[in-house]
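Those protein sequence lines, which keep their order, are chains A and B. Numbered per our numbering, the first sequence spans residues 1 to 503. Numbered per our numbering, the second sequence spans residues 1 to 313.
The hints are simulated quantities; they were obtained by calculation from the structure and are not laboratory data. Cβ coordinates follow ideal geometry from the N, Cα and C atoms, glycine included. Keep in mind that the hints are not guaranteed to be accurate.
[Said to hold, decoys possible] Quick look at which bits of chain B chain A covers, simulated, 3 or more residues with Cβ under 8 Å:
#1 47 to 57
#2 80 to 88
#3 93 to 104
#4 124 to 130
[What the hints assert, rightly or not] Residues of chain B clear of chain A, computed beta-carbon distances all greater than 12 Å:
#5 V153
#6 F209
#7 E212
#8 P230
#9 W241
#10 R259
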Amino acid sequence: MTQILNIFRKDTRRFWPEIMLSVIVVFAFALVFPNEWRIFHDRSVQNRMSIMLAALGILMVTGWWLLIARSVHAESLVGDQQFWITRPYEWRKLLAAKVLFLAAWIGVPYLLAQLLLLAEAGFHPLAYMPGLLFNLLLVSVGFLLPMFALAAVTSNFARLTMTVLGCLILFIGYMFLVYGIPHSYTSANPYTNAVLFPLLFVGCAAAIGLQYAMRRVWVSRGLLIVVTILLAVSVAAYRMQSLVDRAYPQPSAGSTAPVSITHIPSNSRPDEARSWEGEDYIDLPVQYSGVAEGTAVFAEDFKFSITAADGSQWISPWQHTQERNLNDVHYSMLSLMIRPELYERFKRTPVTLRITLAVSRYQSDTVTKMAFPAGDVAIPGIGFCSSEYSNTLLCRAVLQGPRLTHYTVLWSHAACSDAQPSPGSTVEGDAWIEPASRTNFVLGSVWTLRSFFFRDFEGSNYAHWHVCPGSPLTLTQYHLLERTQTSMTLTNFVLPANVVPTS
Amino acid sequence: MNPTIQTNDLSMRFGQTEVLHEIERAVPEGAIYALVGPNGAGKTTMIKLLMNILRPTAGGAEVLGVDTQRLAGEVFSRIGYVSENQEMPDAMTVEELMDYMRPFYPRWDRRLERELVRQFDLPMKRKLKHLSRGMRMKAAFASSLAYRPALIVLDEPFTGLDPLVRDELIESLLERAAETTIFLSSHDLAEIESFASHVGYLEEGRLLFSEEMTVLDDRFREVTITLAAPVKLPHDLPSAWLQAETVDCVVRFVHSEYRGEASEREVAAVFPGARDVACEAMPLRSIFLAIAKTGRTQNHAAQTTAGDGRPEA
Chain A
1 MTQILNIFRK DTRRFWPEIM LSVIVVFAFA LVFPNEWRIF HDRSVQNRMS IMLAALGILM
61 VTGWWLLIAR SVHAESLVGD QQFWITRPYE WRKLLAAKVL FLAAWIGVPY LLAQLLLLAE
121 AGFHPLAYMP GLLFNLLLVS VGFLLPMFAL AAVTSNFARL TMTVLGCLIL FIGYMFLVYG
181 IPHSYTSANP YTNAVLFPLL FVGCAAAIGL QYAMRRVWVS RGLLIVVTIL LAVSVAAYRM
241 QSLVDRAYPQ PSAGSTAPVS ITHIPSNSRP DEARSWEGED YIDLPVQYSG VAEGTAVFAE
301 DFKFSITAAD GSQWISPWQH TQERNLNDVH YSMLSLMIRP ELYERFKRTP VTLRITLAVS
361 RYQSDTVTKM AFPAGDVAIP GIGFCSSEYS NTLLCRAVLQ GPRLTHYTVL WSHAACSDAQ
421 PSPGSTVEGD AWIEPASRTN FVLGSVWTLR SFFFRDFEGS NYAHWHVCPG SPLTLTQYHL
481 LERTQTSMTL TNFVLPANVV PTS
Chain B
1 MNPTIQTNDL SMRFGQTEVL HEIERAVPEG AIYALVGPNG AGKTTMIKLL MNILRPTAGG
61 AEVLGVDTQR LAGEVFSRIG YVSENQEMPD AMTVEELMDY MRPFYPRWDR RLERELVRQF
121 DLPMKRKLKH LSRGMRMKAA FASSLAYRPA LIVLDEPFTG LDPLVRDELI ESLLERAAET
181 TIFLSSHDLA EIESFASHVG YLEEGRLLFS EEMTVLDDRF REVTITLAAP VKLPHDLPSA
241 WLQAETVDCV VRFVHSEYRG EASEREVAAV FPGARDVACE AMPLRSIFLA IAKTGRTQNH
301 AAQTTAGDGR PEA
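Chain B extracted, bound-state conformation (with noise of 0.2 Å):
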C-alpha cells in the first residue's frame, strides 16, 4: 500500500536558518498521524510545504502520489486543509461559503454538508467575520470535510479552542477517520493521545523520531529503583536511559527502549543491590517531556563544550 504521505530528505532554509532538517517519513493510508514538537520546531513548515504553500530547499514530499511541488487545482479536491491561521473569506455567510466551495468539489456530499452544519450548530446566515473563532474553525472543517477528502491535513486546529469545540471537532474527525488518513499538528499531547495512530517528533527542524503509538507505549517506560542506600549515578549509564536522576536511595530515568525483562536485566546490572525495581507506562506528554528536556540539555552541553573550545565528550 502506499503511503498517502512520503518524505523524501525534505528540508527547508530561510537564509542561514535551517527549519527543518531532512525529514524522511512516510504517513501510511487511514493512519491519524500526529505532529508534535515545541513552538519553532518546523511543524507548520512542515505542513506548509506538504501543502505546497511553501518550497522545500532540498530533498521534496508526495501527498497522494503527487509531487508536492506540483500539488495544484484538482488534487486539492482530495485534500482537506484547516490550520489556525488560515484566513477565511470573511465577507461570506456560511451559507455562501458552502454554496462558493460545492462546484470545485465533484465529490461533495449535500447530505454530509447538511449533516455537518447540524452537528456543528452552524449559523448559516451569519457573516464568517462575526464568528467567534471556534465557530470560524468550525465553518472550515464543515467545508473542509463536506467532500469526504482522502487526507485531511490539519494545523494546529484546536489551539485556543474552548474544550467542548474542541471534543466537538475530534468527535467530527474520528467519525472520518475510517475513509481518511489524517495529518495533524498539535501542541495538546492530551488529545491527541486520545485518538492518534502515529506520532512524530520534531525538535529545531529534526523529526527525534515517528511511530505507531502502542509501538511508542510498549517502548517508553517509567523506571523507578530502590537501592539499599544512596550510590551516585554511574557516568556510563546507557544511553536509552533519559532524564536519570537519583534521591537518597531512589534512582529514576526515562527508558526509551524498554524491552520487558531485557530491559529490567540491564537495570540489575547497573545497579546490583537494587531492592526494587518498578516499571510503569508513561502517558504521552511525560514522554515528550523527557525527549524534550534530554534535547535541551545535551544541545545546551554541545553549545557549552563549543563555546569552550574543548572537544565534545
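Only chain A is shown next, with the shape it has when bound in the complex (with noise of 0.2 Å):
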C-alpha cells in the first residue's frame, strides 16, 4: 500500500495542473449543463449555450485522455532507458496505483458533478447511485480503458496522439467501408453492445495486465489489434441481415397482425417510380391501421421481395422506413430502394410484390394524467416536466431517459384565461418519447426530453393554436411486448413505367 500511495503522491503533484484543468472542465460541464432542460426565450442564447456545452464536453474528455496519456508514461512501458524499470516497482502495485490516481482524478470529480447535476434537476442524487456507478463504468470501459491501453503501449504522448488519430481515421474508413457494403443494415439491433462492451473490457484490460506484467510491446500491441479486429468484425457481424431476422421473428401462424397495411393508390397519390444517387425508389402510398388497443407498434426496419410470372424472385435487404410510429390510422409512403438493373428487368411483367416490416409492439401499462404544469412537477416514471413554448412539454429523466411514452394534451386556440372555452375551440395533440439505448453511456447524467405535440390544423394558423396550463395531460408508459415481423403482399403489381430521376 506504501508503494501505491507513493506512486499516487508523486503523481498528484507533479500532474496537479493538468488535475486542475480537467477537475475545473467537468464541473464546468456540469455547471453549464442545467441550460439543455432551461427555457430560453432568446433562442440564439440557448444555442450558444448548446455549443458552449458541447465544446466543454469535447474538453472534458480531451482533459480525460491528458491526465491518462500523463500518468501512465510518467512510467512508461515501452522503451529501455525508464528510470523506474531498475528501480523496486511492483507491476501491481504500479498498475494499482495508476488506478487510484485515475479514479481518484477522474472517477470522483466526474461522479461529484454527476451528482450535483442530478441535485441541479431536482432529483435525489443517492437514490440514483447505482445507475451513475454504471454509467461510470461504461465510460470507463467505452473510453478511459481504451485510452490507457493506447497509453500502456505507447512511449510519450505525441505517439499517443498519433495513435489515436490514426485509429479514428481507420475507424472513419472502416466506418465507410462497412456502409458501404450492399445489403448491409443499419438501424439499431438489441445485439450490439452485448458484444462491443465485455469485448473492449477484455481485450484493453488484458493488454494493460500483459503490459504491466512483461512490458512485452509487441505483445501488447497485437493483442489491441486482435481486439480491434474483433469489434470491426463484431460491427460487421451486427449488421448481417441474419441478426435482423433473428431479433424479429415470423410471427406464429394464426396470431393477430400488430398492424395492418393497405396498399392505397389513388390520383392524388399514385405509385411512383424516382432515382436517387444511383439507385431507384418505388413509392408506394399505403395505410397503416389495426394497432388494438392498449398497444404501440413502432417499425424499425422493412424488406420486400419480388417475383416475376416466371419464377424469378429477389429479396431485398432490410432497409430503413422513414416512419416507425404506425399507431393509428394513418396514411404513409413506403420508399422501396431497387437497383436500377433489376427494375428494369421486373417491370415488364406483373409481380408479386411483399413487403416485411420488422416492427416493436409495445403494451401500455401505467397511464397518468394530471393537469398541463405552469411550473415545475414531478411526474411519476419520467422525471420533472415544465411547460416551454406554450406548445412543448419538456421534460429531464435520469441517465437513460423514460420508457416509450405516450403524451396527449389539449390544444386550445381560446384565450388561457378563458374559464370555459367554448365548443371546438380545443383540439386533442399527442407527442411519443421513444426509450434511448441501454448500453450507451452519458456524459451529462440528466437527460432532456422535448415533446412537441403534434396536430394537424388542417390549414388553421399553428401559431393560434396553445397549451394552456391546467388543461388536461395523459401520460402512458409502455413496455416491450416483443419483436416481429408484419407483411403485406400484393399480387400483379405492375412497377411504374416511368422512372423520374430526382436530384
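Take the two lone chains and join them into the complex the hints point to.
Next comes the structure, spelled out in C-alpha cells:
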C-alpha cells in the first residue's frame, strides 16, 4: 500500500496543473449542463449554451485523455531507458497506483459533478447511485480503458496522439467501407453492445495487464490489434441481415398481426418511381391501421421481395423506414430501394410484391392523468416536467430516459384565462417519447426530453394554438411486448413504367 | 561462495545480428568487475540482459541468485543501477527524488543519503532537468547508493564527465566497495585500471577473456628482442605472441601467456641469436589495444579469405 500511495502522491504532485484543469472542466460542464432544460426565450442564447456545452464535453474528454497519458507515461512501459524499470516497483502496485490516480482525478470528480447535476435537476442524487456507477463503468470501458491501453503501448503523448488519430482515421475508413457494403443493415440492433463492451473490456484489460506485468510491447500491441479486428468483425456481424431476422422473428401461425398495412394508391397519391444517387425507389402509398387498444407499434425496418411470373425472385436487404410510428390510422409512403437493372428486369410484367416490416410491439401499463404544468412538476416514471413555448412539454429524466411514453394534451385557440373554452376551441394533440438504448453511456446524467405536441390543424394557423396550463395531460407508459414481423402481399403489381430522375 | 552474477551461454540476437554470443562468466561477490570493449561490442546489451531490461534469445543469467528473467520488484532494492543513457524523472528536484525513492527501499540509510548529498554537493532544490550532466549522474549515484545495494551495475557511468566529477564518483564507489559487488562497463581503461579487481573484454559479442586484474597483469608482457642482425619474422610464431613486428635488428610483440623463465626460453628457441630480451609489464590500455588489433586483423584475414573463396589458413 505504501508503494501505491507513494506513486499516487508523486503523480498528483507532478500533474496538479493537468488535474486542476480537468476537474475545472468537469465541474464547468456540470455547471453549464442545466441550461439544457432551462427555458430561454432567446433561441440564440440557447444555441450558444448548447455550443458551449458541446465544447466543454470535448474539453472534458480531452482532459481525461491528457491525464491518462501523463499518468501512464510517467512510468512509461515502452523503451529500455526508463528510470523506474530498474527500481523496486511491483507491477501490480504500479498498476494499482495508476488506477487509483484515474479513479481519484477522473472518476470521483465526474461522479461528484453528476451528483450535483442530479441535485440541480431536482432529483435525489443518492437514489440514483447504482445507475451513476454503472454509467461510470460504461464511460470507463468505452473511453478510459481503451485510452489507458493505448497509453500503455506508446512511449509518450505525441506517439499516443498519433496513434489515436490513426485509429480515428481507420475507424472512419472502416465505417465508410461497412456502410458501402450492399445488403448491410444500419438500424438499431439489440445485440450490438452485448459484444462490444465486454470485448473492449477484456481486450484492453488484458493488454494493460500484460504490459504492466511483462512489458512485452509488441505482444500487447498485437493483442490490441486483434481486439480491434474483433471489434470490426463484431460491428460487421452486427450488421448482418440474419441478425435482424433473428431479432424480429416471423409471427406464429394464427397470431393477430400487430398492425395492418394496406396499399392505397389513388389519383392524388399514385405509385411512383424515382431514381436518386444510383438507386431506384418505388414510392408506395400505404395506410397503417389496426393497432390494438392498449398497444403501440413501431416499425424498425422493412424488406421486400419481388417475384415475377416466371418464378424469378429478388429479395431486398432490410431497409430503413422513414416513418416508424405506426399508431393511429394514418397514411404514409413506403420507399422501396432497388437496383436500376433489377427494376428494368421486373417492370416488364406484373409481379408479386411482398413487403415485410420488422416491428416492435409495446403494451401500455401505466397511465398518468394530470394538469398541464404551469411550473415544474414531478411525473412518476419520467422525472420533472414543465411547459416550454406553450406547445412543448420539457421533461428531464435520469441517465437512460423514460420508457416509451405517449402524451396527449388539449390544444386551445382560446385565451388561457377563459374559464369555459367554447366548444371547438380545443383539439387533442399528442407526442411520443421513445426509449434510448440501454447500453450507451452519457456524459451528463440528466436527459432532457422535449415533446412537441403534434396536431394537424388543417390549414389553421399553428401560431394561434397553444396548450394552457391546467388543461388535461395524459401520459401512457409502455413496455416492450415483442419484436416480430408483419407483411403485406400485392399480387399482379405493375411497377411504374417511368422512373423520374431526382437530384 | 555463490557468484553475484553468473551467465550461462547468454546470447542475444537482434534480427539476423548476433549481439552477444554464448557468454559464460561468473562475477564473484565483492568484485569490481569492469567490462570493456570497443563501441558496439555488446556491453550495454549485456548489462540490459542482466537487469532484465532485455530478454536473451538463448542461454540465461542469474543475478544475486535470481534468474534475470524474473528480476523485478523487491530484488531491485538490492541492486543499484546507473546508466549514462538512463532517463531520469526530470520534473523532480533532487530532494523530491530522494523523498520519492526512500519508501521503495527498506534498507535506505538516511545518514548515508545526507553524506552522499554533501559529498556530491547536490543542490537539493533544483530540478533534475536543470542540472548539468555531471550533477545528474551524481544524483543518480546518490539515489542508487543510499540503500547500500549488494550489487551496483553501472553502464558507461563516466562517459562525458569531467575528471573532477569522475574522481568523485569513483571515490564514492570505492568507499562502498567493501560491502558490495560492482559491475561496470567502460571505455575508460585508465580509470578502471586503477580500481577494477576483475576485467572482461568483449568484442563483437564475444567475451575474449575475463579474469582478475592481477592475473592479467602477470600474463601480458611487451617483449623486445634485440638481434645481432636483421631477420625476417618466421611464419610459425606461437599464437600467444600478438602484434609481432620487426624493425631492423629489433623484434617486438605482446606475449599473452607470459610465464617468466619458461617464456624467455621459448623466445630464445625462436630467436637463438638474440643479444637482449626485455619483458616489460603493460598498462591495461596497451593490453586491450593489442588484443583488439589482433582480433580485427584476424577477422579481416578471415573475411578476405572467405571472399577469395580460398580455405582459411
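Verification of the supplied hints:
1. 47 to 57: With 4 residues in contact (Cβ-Cβ under 8 Å with chain A), the coverage given for the region 47 to 57 of chain B holds.
2. 80 to 88: Our answer is that it holds, as 6 residues pass the Cβ test (under 8 Å) against chain A, meeting three.
3. 93 to 104: Answer holds; 5 residues pass the 8 Å Cβ test.
4. 124 to 130: Not satisfied, violated; 0 residues make the cut.
5. V153: It is violated; V153 of chain B is separated from chain A by about 8 Å at its closest Cβ, not greater than 12 Å.
6. F209: holds (28 Å)
7. E212: holds (27 Å)
8. P230: holds (55 Å)
9. W241: holds (41 Å)
10. R259: Given that every Cβ of chain A is farther than 12 Å from that of R259 of chain B, nearest at about 42 Å, it holds.
Hints 4 and 5 from the list above are not met by this structure, while the remaining hints are.
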